[in-house]
Structures are given as C-alpha cells and as structure tokens.
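Participant: If you want the building blocks of each chain, they are given just below.
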Amino acid sequence: MDVLVCLKRVPLAGSTFLLTPDSRDIDTKHLGFGISPHEENAVEAGVQLVEQMGGSLTLLTLGPTDAEEQLRSQLAIGASRAILLETEGEDWDPQGTAAALVDAIRAEETNFDLLLFGAESADSAGYQIHIRVAHALSRPIVTNVKSMRIENGIAHCERVVGTVRELYEVQLPAVITVRDGLNIPRYPSVPGRIQARKKPIDHKKPTPRVPKLEKVSLSVAPSNSAGAEVLGNGVEAVPALVEVLRTIGILA
Amino acid sequence: MILVLVDHDLGELDPLSLRALTCARTLSDAVHAVVIGGAGAGLAGVVGEYGANVLHVATHPELTDYTPAASGRALAQLVDRLNPSAVLAAGSPRGNEQLAHLATILDLPMAAECSAITLSTSPGAPHSVTRARWAANLMEDAHVHSDLLIASVLAFSFEAQPVVGAAEAKVETFEPLLEPADLMVRVMGRGGESSKGGVTLADAKVIVSGGRGVGGPAGFAQLEELAELLEGTVGCSRVVTSAGWRPHAEQVGQTGTKVAPDLYIAAGISGAMQHIAGCKNSKTIVVINTDPEAPIMAYADYAIIGDLHQVIPALTAAIKATKI
Ligand SMILES: Cc1cc2nc3c(=O)[nH]c(=O)nc-3n(C[C@H](O)[C@H](O)[C@H](O)COP(=O)(O)OP(=O)(O)OC[C@H]3O[C@@H](n4cnc5c(N)ncnc54)[C@H](O)[C@@H]3O)c2cc1C
Ligand SMILES: Nc1ncnc2c1ncn2[C@@H]1O[C@H](COP(=O)(O)O)[C@@H](O)[C@H]1O
Numbered sequence: 000m001d002v003l004v005c006l007k008r009v010p011l012a013g014s015t016f017l018l019t020p021d022s023r024d025i026d027t028k029h030l031g032f033g034i035s036p037h038e039e040n041a042v043e044a045g046v047q048l049v050e051q052m053g054g055s056l057t058l059l060t061l062g063p064t065d066a067e068e069q070l071r072s073q074l075a076i077g078a079s080r081a082i083l084l085e086t087e088g089e090d091w092d093p094q095g096t097a098a099a100l101v102d103a104i105r106a107e108e109t110n111f112d113l114l115l116f117g118a119e120s121a122d123s124a125g126y127q128i129h130i131r132v133a134h135a136l137s138r139p140i141v142t143n144v145k146s147m148r149i150e151n152g153i154a155h156c157e158r159v160v161g162t163v164r165e166l167y168e169v170q171l172p173a174v175i176t177v178r179d180g181l182n183i184p185r186y187p188s189v190p191g192r193i194q195a196r197k198k199p200i201d202h203k204k205p206t207p208r209v210p211k212l213e214k215v216s217l218s219v220a221p222s223n224s225a226g227a228e229v230l231g232n233g234v235e236a237v238p239a240l241v242e243v244l245r246t247i248g249i250l251a
Numbered sequence: 000m001i002l003v004l005v006d007h008d009l010g011e012l013d014p015l016s017l018r019a020l021t022c023a024r025t026l027s028d029a030v031h032a033v034v035i036g037g038a039g040a041g042l043a044g045v046v047g048e049y050g051a052n053v054l055h056v057a058t059h060p061e062l063t064d065y066t067p068a069a070s071g072r073a074l075a076q077l078v079d080r081l082n083p084s085a086v087l088a089a090g091s092p093r094g095n096e097q098l099a100h101l102a103t104i105l106d107l108p109m110a111a112e113c114s115a116i117t118l119s120t121s122p123g124a125p126h127s128v129t130r131a132r133w134a135a136n137l138m139e140d141a142h143v144h145s146d147l148l149i150a151s152v153l154a155f156s157f158e159a160q161p162v163v164g165a166a167e168a169k170v171e172t173f174e175p176l177l178e179p180a181d182l183m184v185r186v187m188g189r190g191g192e193s194s195k196g197g198v199t200l201a202d203a204k205v206i207v208s209g210g211r212g213v214g215g216p217a218g219f220a221q222l223e224e225l226a227e228l229l230e231g232t233v234g235c236s237r238v239v240t241s242a243g244w245r246p247h248a249e250q251v252g253q254t255g256t257k258v259a260p261d262l263y264i265a266a267g268i269s270g271a272m273q274h275i276a277g278c279k280n281s282k283t284i285v286v287i288n289t290d291p292e293a294p295i296m297a298y299a300d301y302a303i304i305g306d307l308h309q310v311i312p313a314l315t316a317a318i319k320a321t322k323i
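Chains as they are written, first to last, in numbering that gives the first Met the number 0: chain A, 0 to 251; chain B, 0 to 323.
Extracted from the complex, chain A is given alone in its bound form (with noise of 0.2 Å):
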C-alpha cells in the first residue's frame, strides 16, 4: 500500500489575527507554525495502513522553503519520505497549487494506492484542491470523511452530514479527504525525531500559474460581543448565574 499525504504549513493564530501594514497577509512575526488537525489525521491514517499493510508514505507540500518544519515533524510519526515544491512563500491559488501538485505526482514513479488530503485547507479554506487533482490523475474522490476501512482494494468511508451518515465505497487507486475525528494523531517519538532528521526530502521548483481566483485584501471579521460582564468571583457568584438563566428563559 503505498499512500501519499498532502499537507500545508499555516501559521497558528491564537484569539486574534494581526495583519500586515498592507493587509494582504497575516502577520505571523510571533505565530508558530503547523498545519490543519485535517491533515493530521490524514498523515495518522496513512501511518496506520502502512503499518498494516505494510508499503511507503510519502508527505507532498507546496510552500515556502520553512514548510521543511511541518515535513519534519510529520516523517516523525511515521512518513518515510517527503517533497516540498518550493514558493517564494507567496499564497498559490487552488487551481496553480492543484496543478503543481498534479505535476510531482506524475513525476513520481510510484503509482500510489492512495492519496489523503485534509477536507480544507485551515487557512484558505477553497475546499477544491483535493478534487482538482483526483479530475487531473482520473481517479474517483470521496470527501469529508469521518472514519474509513480498506478491505481487498476497497476503501468503505463514511462522512456526517448534519445528522446522516453517508456510507461510500471506492475502488483503490482512490482520493479521500478526511476530517478531524477520524483518529487520534500521535505525538512524535523522541526516537521518530531522530530519525526524521535524515528522512529524505526532495526540494523542486514548481512551475507558477497566474492566479484566476486573486487575493486582494485580507480584514478582521469584527466581533459583535461587547465583552463578558464578570458575575463576580467562585461560588459566591452562582445566585447572579442563576437570575441570568431566569431572565434568558432557561430556567422558570
């Protein structure tokens, strides 16, 4: 079983967002770095099936030269190899990012069984790269899933939408995007960082398109709370809690 994860590196951002002078980008002076729980799961899962079924995982990003930090601590728990398509660190659109994506898959010689994606990006958010390339390389994509199972080249996957369940079976070679849920990633071992240091990565350069979907701006969505009014200190405060459910219709 060979399996292939794609992952982005964003920033963590904390309670507030901080932009640049400009507003077209976060200010991420302070920010740490990491990718979406999505894609956590999807690298836990494909750690999994190689570890029963055996076969390689492989981590596939597109970013800056620093996404290097999100490849490492994912080939700690367990990804055998990684490839980083170099930016200047510059946002690529879904269909350029797709594309590029699509071109190093093809490059690879391994035919991979499986290709896991998070079900969105954290920060952009398109919801389409994943389907771009499931179009480009003819294979069938199953999103959003929330717990899966391959038995004899079959995946069987099921998403929640609202209060249903939806049940999917696809045929391998396949596509899946996967949700936070799906599992519990595992930290990285001292051992599994170690190793990750001498895992391989390969650096290339992608090949940019001009961009159809253009960032123009970025703004802070405003808050529409005023802030908390503080009911007072521990237990003493409890009576003022229980007058405000009064008053809010909860309690009679």
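Worth double-checking, as some hints may not be accurate.
When the alpha-carbon atoms are kept at most 20 Å apart in a straight line, the in silico SDA-like pairs for lysine to any residue are as follows [to be verified]:
(1) B:204 <-> B:259
(2) B:204 <-> A:246
(3) B:204 <-> A:248
Derived list of chain B stretches under chain A, where covered just means 3 residues or more per stretch with a C-beta under 8 Å from a C-beta of chain A [said to hold, decoys possible]:
(4) 277–287
(5) 308–315
If you want the footprint, here are the derived chain B segments under chain A, 3+ residues with CB under 8 Å [as the list claims (entries may be wrong)]:
(6) 136–148
(7) 247–253
(8) 260–273
Because the hints were derived from the structure by calculation, they are not lab data.
Predicted, not measured: the structure shown is a model, and the values here were computed from it.
Beta carbons: idealized from backbone N, C-alpha and C, even for Gly.
Since the structure of chain A is already known, use the hints to place chain B with the ligands on it.
Facilitator: Then chain B with the ligands, alone, in the frame of chain A:
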C-alpha cells in the same frame, strides 16, 4: 441569469440552498434553480417562492442518490446550454463539493464561502467577492478572473427571504450525458442518526462545554449532570478530544461541530478562535474560567471567575433548589 444549485437529500430540501437563492436575487432578477436527480422535482413550489423562475431537473436512471461528480457533469452541461453569468450553491460540504467538480470540469476558478458578490460589469474585468478564511475569522476580498463566476454562499451571511406573491417555478427536465467515471462515487447507504440518541450537539438548546481546565475524563461527570438538568448536552474543545477524554462528536469549533444554542456554558475553555468559530452564534455565552484575561471573555456575555470544579457543582445544586 444566475443559476443556483439547490441541494436536497432524496427530495428533502437543504434549507441553506434558500439562502443561496436569496443571494442570487441580489445579483439579478433572472434566477434559475437546478436540482440533481428526479427526487428534487417536488421542490418547484419552494424554489419559486424564493425567487427562481425556472427549476431545471437533471434526471437520469443512475441519479437516484447523491453522486457529486455526476452533479458536476450535469451542471457543466446545463451551463453550456444556458450560459448563466454565475453558478451559486450553499456553502455546505455538499454545495462546495459539487461546485468544485463543476469548476474542475470547466477548468475555471471557484470562490468558496462568499459573504458578498459583485458581478463584473464589463467584459474581461474580474468579478469581486468577499470570502471567508479561517472559519470566517478573516475575510478575504478577491478577484475572480473568469467570465462565469462559480461561488458558494457563506452559510450565515444571507437570511432566506421569500418573494411576496411568487409563482411556482416552471419545471424543465433534462437528461445529462454521464460517463461511468462520474458514477463511481455515490452514497451507497445511510447510517442513520450520528448521535447515540438524546439531544444532538447541532440542535441542543443548552450546551455545557468543557476544555483543558476540566482536567480529565472524570471531570466531565459534573458537566453531564448540569447539562442533563438543563435538558441540554455536553460539548468540548479540541484539546479534550485530542487527549481522548471525550468523543470527537462532542467537539465544538472550526473542525468540530458549529452550534447555535440558546445557552452555551464554556468551562475551562480559553477561547481560541477555532473554538469561537463553532460557538459564536450562541444566543448567550457564559464563561467559567480561573483566568479573567482568557480570550473567551471578549466573546462571552457573562462570566464567573473561578474554579469550575467548585462553580459547576454549586450551580447544579442551586438549580436543583429552584426546581423543588
Ligand atoms: C486549524 C485549526 C482548527 C482547530 N479546530 C478546533 C476546534 O474545532 N475546536 C476547538 O476547540 N479547538 C480547535 N483548534 C485548537 C484551538 O486552537 C485550541 O488549541 C483549543 O481550542 C484550546 O482548547 P482549550 O480552550 O480547552 O485549552 P486551553 O487553551 O489550554 O485553555 C484552558 C483554559 O482553561 C482555564 N482553566 C484551567 N483550569 C481551570 C479550572 N480549574 N477552572 C476554570 N478554568 C480553568 C484556563 O485559564 C484556560 O483559559 C483548532 C486549531 C487549529 C490550528
Ligand atoms: N500548498 C499545499 N500543498 C499541499 N497540499 C495542499 C496545499 N494546500 C492545500 N492542500 C491540500 O488540499 C486540501 C484542501 O485545500 P483547500 O482546497 O485549500 O481547502 C488541504 O487540506 C490539503 O490536504
């Protein structure tokens, strides 16, 4: 003309599609709706009421349930024939998915989760959209360079508004040409309710939610007791699900469930924006936190500064006392 994909599950309307229809009416008086699969034909009345003049129904012997790639193919063929200026759908997992198939087949850009759309007024000039990033904590103004705009509508940015005195939409049926590859992925069955019975997170009127501050799985017993007393249910933060203290079905936030209860009690939750993204539509948010500077204070209505392990049992006891 604006074409709106109206989504349905075996004939049952996705209400978010009505918001997409309302958005379409702000762009043009000529709005057509399209449903994929004959089971959607029964929606002519309601889509008419929300402003669609025509309902196109894609019928095909194989289109008996949700088949996203086939939806994309059918939409592409309809677009070819009708030549609309935009194709819209709800910003839902299904809406985004079917539009992404359409955009891929036509090799055009797609703008997901738009809160505002301005169509280009001169040929060759781009369309302008405002779209959500980071679970709508950041908004992006973007240009879409293509004649046809393909965009999904951010769930809560438009209220569905009926047109007074509107007529039923005229039904026009068409049979798309589908290839075997379009039919490879489809819903093969349903697993029923995703919750184990009782109140589901998405519909609960009261949610008592716990974060890292709860300290471990055992600590959730007191949250459960309070939730039950208020006829609500328990929620939690991602730290809690990652640690395996609670099942993921209870996670509120960007990658969990988005909730909108009358009352959301956040106990031991700091208020990372990815958590807030899931609970900010609650009517009233009450915080119980030891830290008066916790970011969640900025989003809440009321707060008690204190240890949840003391405050929650005391609150439960006080509420029980009112019920005697
Ligand atoms: C792309 C992305 C998506 C994400 N999606 C989600 C999501 O869907 N949902 C989600 O929740 N998170 C999500 N996260 C994670 C999020 O960023 C935070 O890490 C997480 O919400 C923090 O959880 P917490 O508030 O429980 O923990 P912490 O941030 O550690 O906060 C614990 C709080 O408990 C308080 N506390 C401690 N002890 C007590 C006590 N005894 N009594 C009262 N208060 C106490 C502390 O003062 C503190 O405020 C996502 C992150 C990313 C990057
Ligand atoms: N720059 C990138 N490099 C590699 N994979 C990516 C990149 N951007 C997005 N992806 C993958 O595509 C998924 C969907 O992204 P999006 O279409 O932006 O919502 C993400 O969850 C990732 O798995």
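Participant: All the hints need checking, so say for each whether the structure fits it.
Facilitator: So, going through the hints one by one against the coordinates:
{"no.": "1", "hint": "B:204 <-> B:259", "verdict": "holds, 8 Å"}
{"no.": "2", "hint": "B:204 <-> A:246", "verdict": "holds, 15 Å"}
{"no.": "3", "hint": "B:204 <-> A:248", "verdict": "holds, 11 Å"}
{"no.": "4", "hint": "277–287", "verdict": "holds (count 6)"}
{"no.": "5", "hint": "308–315", "verdict": "holds (count 4)"}
{"no.": "6", "hint": "136–148", "verdict": "holds (count 10)"}
{"no.": "7", "hint": "247–253", "verdict": "holds (count 4)"}
{"no.": "8", "hint": "260–273", "verdict": "holds (count 6)"}
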